[in-house]
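Okay, here's what each chain looks like letter by letter:
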Amino acid sequence: MILQIIDICYLVAVVLFIVGIKLMSHPDSARRGNAIALAGMLLAIVATFLTPGLNNIILILIAMAIGTGSGLYYAKSVKMTAMPQLVSFFNGMGGAAAALIGLVEYGDLAVDEIGKGAVLMASLIIGSISFSGSLIAMGKLEGVIKDIQINKILAFVLLAVAIAVSVYVLQSGEPQPTLVYVIVLISLIYGLAFVYPIGGADMPVVISLLNALTGVTAATTGLLYDNKVMLMGGILVGSAGLLLTLLMAKAMNRSVANILFTSFGGSAGGPVGGDNGDQVAKEINLYDSSILLSYAKRVVVVPGYGLAVAQAQHAVHDLEKALEEKGVEVLYGIHPVAGRMPGHMNVLLAESDVSYEKLIEMDDINEKFPNTDVVMVIGANDVVNPAANDDPSSPIYGMPILEVNRATNVIVIKRGMASGYAGIENALFFDPKTRMLFGDAKKVLTGLVTEVKNM
Amino acid sequence: MEQIIQYISVNQEALYVFILAVFVGIEVISKVPTVLHTPLMSGSNALSGVVIVGSILVLGKTSPDNYLALGLGFLAVLLATLNVVGGFTVTNRMLEMFKKKPAKK
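Sequence order for the protein chains is G and U.
Oh and the first sequence: position 265 is 265 in this note's numbering, straight run, nothing missing.
Oh and the second sequence: position 39 is 39 in this note's numbering, straight run, nothing missing.
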């Protein structure tokens, strides 16, 4: 009887997962979707506790208590700007859990269960890759790990070796506990080698892919236990994650293969380095900027990651209000990948009460630029780089950009002349229409608010 | 080879579920606006924490004197819980930003 109840709970949990994800793909119902998926998860966990003959319950509860405590702590204390790193971190934990389950299960595996063994090896390999890959992705987003060139062929050799050793272990007909640890080790190294050479700007796509991989390991673990909730839930994440990966790559106009197998920056043939011939960027001061802004009819703000880092999202909202009192129309042009992840910038601006209708997506705002008096680029770089349109040798060539140089004036607020995340020079800064306003985004914006109010 | 084919035939029910779930997953998020990419990724990341079920099962069947397995299982439960709790909380925090939208309209 109890087993049937568990099965029914799992069935309901799976339905809740599907409905939850479905609702999460619309802005209005997204929160409800998250709550429904969470309810499904809680149901699945409670049902699992009903399993007859469960030992070590106290130990399980202690582990869950620690996990819950630290999970809540990290999730609540992290700044909105560091969100992508945290998602990557959590994803790695899921992969690690799957790999650990595989390790323990291997001890109980009879040597003649080759089918089950193969599933177990898949859990081990994919879980380990997901774990180490996610941690590297996190480090890259955080900026602590720089791009390192690793021979792609060498990386694939690692994967091939891991698979070959697994096949050997399964074929050998006797337990090989040491070799199983070797498989895990090689897979971990492969995860590192896989993510290391990929440019930081492409990290969101990589994290989404690693997320799909964690889903797949959850599913293979489900196969191992003939457990439908893990199987369904895992595959759901795997396929949805894979599709999401493709959608994200499409938003950046990059193919997934391109991201995974070629690297950004460094080796690029385009203009690299600090000096750009005899071109000089023209500076502008706070006062002149505020005049330009106050007498404009329409100002478009193009925010980038720099705005988020400087925590200037509130300051930009203040400037928006000050300008609107002067009768200036203020809009925000949001590049799909502004920030560190698609949609990241919307979340940050919404946090500082910027009205939703003012956030205009790329295609719509590009039509408005010719009728815009001033564009203020704040801490953005690659997403406004005209090289994406007219320099085929540039690594970002083909990426859709915000065509800010079609506006009458462009003010670029930036800390210095350093190049953007993709590590390439930006011709926009040397455009005759462009004026550079150097400084910390938050200080500059606060200064502008004062100047505009005094006008 | 024989064993693999046999494994597939014994577990064909699971394989049907596997394949159908792939299509459900793709179908369910086929139309998602860019703004929701990050929250959705975070949400599906939380769901992949369903591996916690396996962690509980593995720790639950370990005999209390197998210390290595206990240690690994304990870690598995802890990390999977971290994935679930952290994942859902972070997703909720991101989505909270969206709820102001209807109020302003």
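These aren't lab readings, by the way, just hints derived from the structure by calculation.
For glycine and all other residues, C-beta sits at the position ideal for the given N, C-alpha and C.
Hints should not be assumed to be uniformly reliable.
In silico DSSO-like cross-links for lysine-lysine, where the CA-CA straight-line distance does not exceed 30 Å [unchecked claim]:
#	chain 1	residue 1	chain 2	residue 2
1	G	Lys228	U	Lys61
2	G	Lys250	G	Lys297
3	G	Lys433	G	Lys79
4	G	Lys368	G	Lys321
5	U	Lys31	G	Lys358
6	G	Lys250	U	Lys31
7	U	Lys31	G	Lys22
8	G	Lys228	G	Lys282
9	U	Lys61	G	Lys79
10	G	Lys116	U	Lys61
Covered stretches of chain U, going by a simulated chain G footprint (3 or more residues, C-beta under 8 Å) [unchecked claim]:
#	region
11	53-66
12	77-88
Structure-based check of all given hints:
| no. | hint | result |
| --- | --- | --- |
| 1 | G:Lys228 / U:Lys61 | 19 Å, holds |
| 2 | G:Lys250 / G:Lys297 | 34 Å, violated |
| 3 | G:Lys433 / G:Lys79 | 35 Å, violated |
| 4 | G:Lys368 / G:Lys321 | 21 Å, holds |
| 5 | U:Lys31 / G:Lys358 | 23 Å, holds |
| 6 | G:Lys250 / U:Lys31 | 13 Å, holds |
| 7 | U:Lys31 / G:Lys22 | 10 Å, holds |
| 8 | G:Lys228 / G:Lys282 | 63 Å, violated |
| 9 | U:Lys61 / G:Lys79 | 39 Å, violated |
| 10 | G:Lys116 / U:Lys61 | 18 Å, holds |
| 11 | 53-66 | holds (count 13) |
| 12 | 77-88 | holds (count 12) |
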